[in-house]
Amino acid sequence: MIFPVEPLLDLQGLEKSFGGTQVLKGISLRVGHGEFLTLLGPSGCGKTTTLRIIAGFENADRGQVLLAGKNVTRLAPYYRDIHTVFQHYALFPHYDVFGNVAFGLRLKKMKESDIKERVLSSLDLVRLKGLENRRPSQLSGGQMQRVALARALAGRPPLLLLDEPLGALDLKLRKEMQLELKHIQRRLGISFIYVTHDQEEAMTMSDRVAVFNAGRIEQIGAPQEIYENPKTAFVADFIGAANILSAEILSSSRDSLKIKIEGNVEADIPAQNGWAQASGAVQLALRPERVTVSADRGQPAETGWLHIKGALAETVYLGNARQVILRTSSGEKTIVSSMSAEAFASLGTDIGGAALAKFRIKDLVLLGNSEKNT
Amino acid sequence: MIFPVEPLLDLQGLEKSFGGTQVLKGISLRVGHGEFLTLLGPSGCGKTTTLRIIAGFENADRGQVLLAGKNVTRLAPYYRDIHTVFQHYALFPHYDVFGNVAFGLRLKKMKESDIKERVLSSLDLVRLKGLENRRPSQLSGGQMQRVALARALAGRPPLLLLDEPLGALDLKLRKEMQLELKHIQRRLGISFIYVTHDQEEAMTMSDRVAVFNAGRIEQIGAPQEIYENPKTAFVADFIGAANILSAEILSSSRDSLKIKIEGNVEADIPAQNGWAQASGAVQLALRPERVTVSADRGQPAETGWLHIKGALAETVYLGNARQVILRTSSGEKTIVSSMSAEAFASLGTDIGGAALAKFRIKDLVLLGNSEKNT
Amino acid sequence: MPPGKDALPPGGRWARISRPVRSKAKKFLAWLFSGKSEKASHLLILPASFWLSFFLVIPIVLLLVLSLAQRGPYGTVIWHPTLDNFRRAFTPLYIPIVARTLLYCGAAAVICLLLGYPTAYFLSFYAGEWRDTFLILLMIPFWTSALVSIYSWIIILGRDGLMNSVLTGIGLLHTPLDVLNTPFSVILGLVYFYLPFMILPLYSSLEKIPKQYMEASYDLGAGAFQTFLKVTLPLSLPGVFAGFILTFVPCLGDFLTAEFLGGPRTYLIGNLIENQFLMAQDWPFGAALTAVLLGAMLVGLYYYQKLEAAEIA
Amino acid sequence: MKNKWLSFYAAAFYAFLYMPLSVMFFFSFNNARRNVLWRGFTFKWYGVLLHDAGLLGALLTSLKIAILSSLLASALGLLASYALVCRPPRFGRAFYSSWLNAPLLVPEIVMGVGLLSFFVRIGVPLNFWTLACAHAMIALPYTIGSIRARLLSLKSSQLEEAAMDLGADQWEAFIRVTLPLAKPAIVSGALLAFTISFEDFVTSFFIAGIGVVTMPIKVYSMMKFGVTPEINALSCCLLLTTLVFLLSARMLRRTPNS
Amino acid sequence: AGEGDKHEVNFFNWSTYIAKDTLPRFSLETGIVVNYSVFSDEEEMFAKLRSGALGYDLIVATDYMIPRLKALNLIDPYPTGALKNTGDIDPKFRNTPYDPDNAYTVPYLWGTTGIGFNKKHISKRPTSWWDLWDPKYKGKISMLDNARDCVGIALLMKGCPQTTDSDAAFKAAEQLLISQKPLLKQYSSSTYVDSLINGEVYLAMAWSGDVIQAARENPELDYVIPKEGSYIWVDNMCLVKGSRHRADTLRLVDYLIEGKVAAEIANFVRYGSPNAAAKPYLDKSLLDDPRVFPPPSVLKKLQFYAILPPDLAQTWIDTWSDVKAA
Ligand SMILES: Nc1ncnc2c1ncn2[C@@H]1O[C@H](COP(=O)(O)OP(=O)(O)OP(=O)(O)O)[C@@H](O)[C@H]1O
Ligand SMILES: Nc1ncnc2c1ncn2[C@@H]1O[C@H](COP(=O)(O)OP(=O)(O)OP(=O)(O)O)[C@@H](O)[C@H]1O
Ligand SMILES: [Mg+2]
Ligand SMILES: [Mg+2]
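Chains as they are written, first to last, in the working numbering: chain P, 1 to 374; chain X, 1 to 374; chain H, 1 to 313; chain Z, 1 to 258; chain Y, 1 to 326.
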């Protein structure tokens, strides 16, 4: 993403340690106006910490936080015009819904009338009108979630931080709220920084996703880009399922190179971007839905396709698809394929039977190694 | 599922109220030996309560709990050899891992040597050997989870209850643990009753799934059965996504009937099982992955297929698939389709363009109404 | 991505990174409560610290200095540094008193624990909505002057008092018991007066224990009693220790109970010290005794504080 | 969930706790100056009480001092425990938490004599206030103990951060969020302090200034010539009023729930 | 001193150790406010004074306190001729050993130390101090909780003069007292009367007034002065050093030793009044009561407490402390 105007938020090489262990190892990223950025990563990788540094609850050991070009690295949280939606909502139990939403406004010494008007509009935004006088304890999870959102939005901040806001909700409710959040964000044109460890959530909601791993950003980009050209095995594996194949580059000419996959399948590959520099042992990513498994009748691979032989190991029913697992002849590797009901119907062999995994060569993605994480 | 021998567990019409509000409205189900049964349902529908009644922490107001034919309805929890894995693990902070796992065994007055042997084997089972002397506070979420499991398994109970054991773990870890749990259950041949509100989890792990809704069981059966023939709109919608179409039965003969879908598409349908009795207004379920959207060029529907016309409303990138949303001409309905990358590539129109949703008639599922929930 | 209709002009609104002007006083308060700087948090504790040093430490120190002085005629004090008072404090004459004191106070604390634990347990797990009321009811008896309660106890325990008449009445006794002015009555008094200080800490540590632990224990086959023994009790230990200190330590200094409910053979350290300051007019020696007592107690407190720290962590 | 035996025990326990009080109650109708033998029934002591300016005065003084000192102790305790729990200083934390418990250790007689000679030495006139301050000091550990426990549980919830995130500085966050939420603990701590001040005799006697006569001082001084049932009468009135007040407050709190 | 101008007196005394309306009447007549502060134990009162409690003008102290108060310089002598009514005081109570030239004290009330007992439980009247050592009454005996009475009596029983300084004598006395401990119910100077009343104790070393006052409501109680003789003690009014209201204080003292007033006080608290002028106004019952005003035969067996040199006084106290601690 290019920034014609200065970015709304600009993190420069943030580092943070807690008691010796370094939790952030240099986080740099920029958030545009009205952008929906998701921080995605496994538990403990530093997402919350990053968020807390942006909000001002923690001080970075090194690095800077620029807000609309202004350096706010050392600014107290209450001077920053950023609001947060906390994972467990952190609603004030001693105020009712109205009081919670009005909290920030009252501090700004707004006129009561304006406050009322603003609170109601915010509650309206999250479809909670009429519950002004409920206590948090009288609300369901989803409702508390909405109140927290309304409270954060009431101040009309240009930037909203959300730390796994949907983590505590059940799947259905989560899906609903995902759509709502997205729409609200669009409506108000506010920038969201959204923390989650659910990659599906990240995919469906974000303009851009930053994939965290152990205090580093492994890759940042639009969902599609990340899904289709993961830079590292970690990303490939974390964003949706992926088969990670080990391969070896035998020889490379200017416009194509010969590789050996899993030690037995050889293939010529047109040198796409990135491939040229590669050499020696590399890793390849392959999406399950790009693989079809079928009975091995010795049929040859069409051009542009590859076959990996093996035996049918297991099939799992997923409802909207079938997961078919193939164990390669060499035996130490399994290849996962996810197939539609029809394709599965024409599988033509069953557990233990000889089968082969078909996929297009262009669906192979060359992976770099993720930086050593000390 | 038929029970040649008596079921391991037999719940008969359990009812339970908390302060006036009835939480369970007559739960009856049977669990076979070595079966993996999942209780699936939205938050607050009574899953945990059911589990607590089985374990003996709550007493049912009405109904019975038979364990291997013995009536244990009023038996104290510590007399039932059922063990539970709690959602938040509930590991004893004042014992180390070994002490936690050995807790139940020590009560059984086993010989220390046997205890040691048993504990180690249980820890081995959950791949935690070597951590015997850690304190719970020194463990990660996934590890605590495993300890809780080992503790529950150490007593080799015929029946294990698990209340959202993976709820607190992040997606990747959850997927791992799902497989492990399944394998352990297979290995030991213990019956599991597994509570979750994640339908994917339910699908992949269970022999049978019981779908809860507001204190009732809406449907119980094998995952595939539930997915492909949901009995009610609730089930259809809760298990994976589904388009719920309203239709009207115009006329029905002995072997086919004529229906009108969404007030404009008419179709003749072979009277399958269940359809015969239907009449008047009904609801139909249609899975998104069974629907393809394509540009509307006025092409006729092949036999066995149906077309619903409309305009392309929105497309969402899901990574492994594309979600395409079509707004029907009448306008008040949207039909969701999930398409592979290829199919999407050949969509041939973009947002706002005239399009039609294609699906096989046989993919339509007739839904009954779920019982009124007072 | 096109901003929606009521979107905010990008960048434009940055005129108001809201910095409501704050008065100097408010700035100071904010700083004080921020704990950002070490100074601030010390400053917050300062009032309490000051209070203690002003009303407790300085007076005590003044007094302890006395312990190095000598007694003069008619209880005057002669400023002639010496350690005699301390030597005297450790003469065998007082060993029985020390032993007796430790015995009584220990017994009292233990009995408080035994009596108090079930009550605390009840309060934290079964009292339900009445909990607060019960807690206050725990305090109220001590709003009547201790002496009045003592008189009541005299009436109850007396030779022809309630207890005896009841016991003889139901035929448990033939001759009434003489319990007044015996170790029994003294320990009873101590127990009665210090019970709340046992129960409150017990309660606060008990009600912190999640019910789930007990359920887990039931689930693994432990009966109610075993669950208590193996789970509840161990988890409430910090409260037990706290309660023990909070009852045992004040008992050590107590002298009124022994004076009114005690007999010729229930003379405790508290009485000994009191006697030095009043009847014997030997303040230096009294001060020395106090110093010794304080020293001993400081050790106890050290453990109390360690437990607390453990609880916080 | 009910437990018959435990409830039964609790009942017995409270009976034990209140046994002396019930005796006190009955003997407030005792027709004797020396209130140790039953000498027949009379209401006269309540009459006497009404006209005994001295005793009522003593009660009033005690109440005033107890309230003042419990307020003081709570305020000091609140600040200190807030610092200890929510803004723990890096240095001297262990020291503080034992230091603030010091008053528990000092025998009262020592406290009394020490305080008195100290006040005299620095020439502070003994009066109402000195007494209240001293009581506040004695009660400090109890208020801190009570409040600290509550703050610990509050700390884990991110409420203060939420407040600051919405533009409240630490002070506003404290006033608008922490304080109201810690109120129950503050109240019970204050209650403890009140109790301690209200029944304290030894320290009070020594540092009570001219004409400052608290209940305990008054009562103890009556020992030589007999503690009359008038005291019982007074204690009973006090007790009953508190009980009535307490229960009515409870009822009031209950009505909105149902 | 601004406070000095106010007409008031701060009077430090036992509670109810004065007639109900004495002070109110005084205030009414003179317009001087009297703040009546109370103590429960002279020792406490003394400790409080010596650690410098300010503001008290007038205290009531028992004779044995006087030397201490003087030594610690806590009391002032009466200005000569400041009091009109000193003439009325019974000569018996003038020029006492503890205040040879009547400089520091004006006697307030007097009494004796003897044996209080409960007729209900005691068949024959006790006549000798030895009755307090009678195993028959094991666990039914109470002794006063102070050095001068116990040690004093013990010496007296051992036939040693009060002023003896022989260690042997004190050892003997100490042994005597310790040997008594197993028989004792309690040492008490305040609640022993209650114990007498409710029968916890049958025999008690007692002060005349306490018992006699209590006897008013429990006729079972009686009091004797043992044949071995005993001590007279006197409570005195003393002027506290640094008093700001000297003039008013003197007026009060003078008022309190007016015959009428003194009698009124004596009648109320049932102690003997050292005031000759009070005789006419005393209750008949009180006047005729040999326990309050013993007949000469008894009287001659009674002695004042000698004024002991400091170290000797200390020996008494140490002896007593050892007894208590034993
Ligand atoms: N206040 C703290 N003191 C010490 N360690 C901390 C603190 N806060 C976080 N950590 C550590 O820093 C690491 C990163 O924490 P963080 O909360 O940022 O991870 P996260 O990505 O938010 O994980 P999750 O997805 O579970 O929230 C974790 O290992 C955590 O243990
Ligand atoms: N002890 C209780 N007292 C009062 N109400 C309760 C109690 N336990 C459960 N409930 C109510 O009963 C209903 C069902 O609770 P339950 O925990 O069984 O739902 P659940 O299916 O487990 O939901 P979740 O998926 O969130 O765990 C909820 O509405 C809950 O509020
Ligand atoms: Mg986090
Ligand atoms: Mg649940």
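Incorrect hints may appear among the rest.
Unchecked claim - In silico lysine-lysine, BS3-like type, Cα no more than 25 Å apart, as pairs:
1. H/Lys-26 - X/Lys-108
2. X/Lys-182 - P/Lys-333
3. H/Lys-27 - P/Lys-70
4. Y/Lys-227 - Z/Lys-44
5. Y/Lys-279 - Y/Lys-20
6. H/Lys-26 - P/Lys-108
7. Z/Lys-155 - H/Lys-27
8. X/Lys-108 - H/Lys-27
FYI, nobody ran anything at the bench for these hints, they're computed from the structure.
These are the hints, each one checked on the structure:
Restraint check: the Cα-Cα separation between H/Lys-26 and X/Lys-108 comes to about 63 Å, which exceeds 25 Å; the hinted pair is violated. The suggested pairing of X/Lys-182 with P/Lys-333 holds, with an alpha-carbon distance near 21 Å, which does not exceed 25 Å. Between the alpha carbons of H/Lys-27 and P/Lys-70 the distance comes to roughly 22 Å, so the proposed pair stays at or under 25 Å and holds. The hinted pair formed by Y/Lys-227 and Z/Lys-44 fails the criterion: a straight-line CA distance of about 42 Å is larger than 25 Å.
Taking the CA atoms of Y/Lys-279 and Y/Lys-20, the gap is near 20 Å; set against the 25 Å cutoff, the hint holds. As the CA atoms of H/Lys-26 and P/Lys-108 are separated by approximately 15 Å, the hinted pair is consistent with the 25 Å bound. In summary, the hint linking Z/Lys-155 to H/Lys-27 is supported, as the alpha carbons are separated by about 23 Å, within the 25 Å threshold. As the CA atoms of X/Lys-108 and H/Lys-27 are separated by approximately 63 Å, the hinted pair breaks the 25 Å bound.
Going down the numbered hints, you'll see the structure goes against 1, 4, 8, while the others check out.
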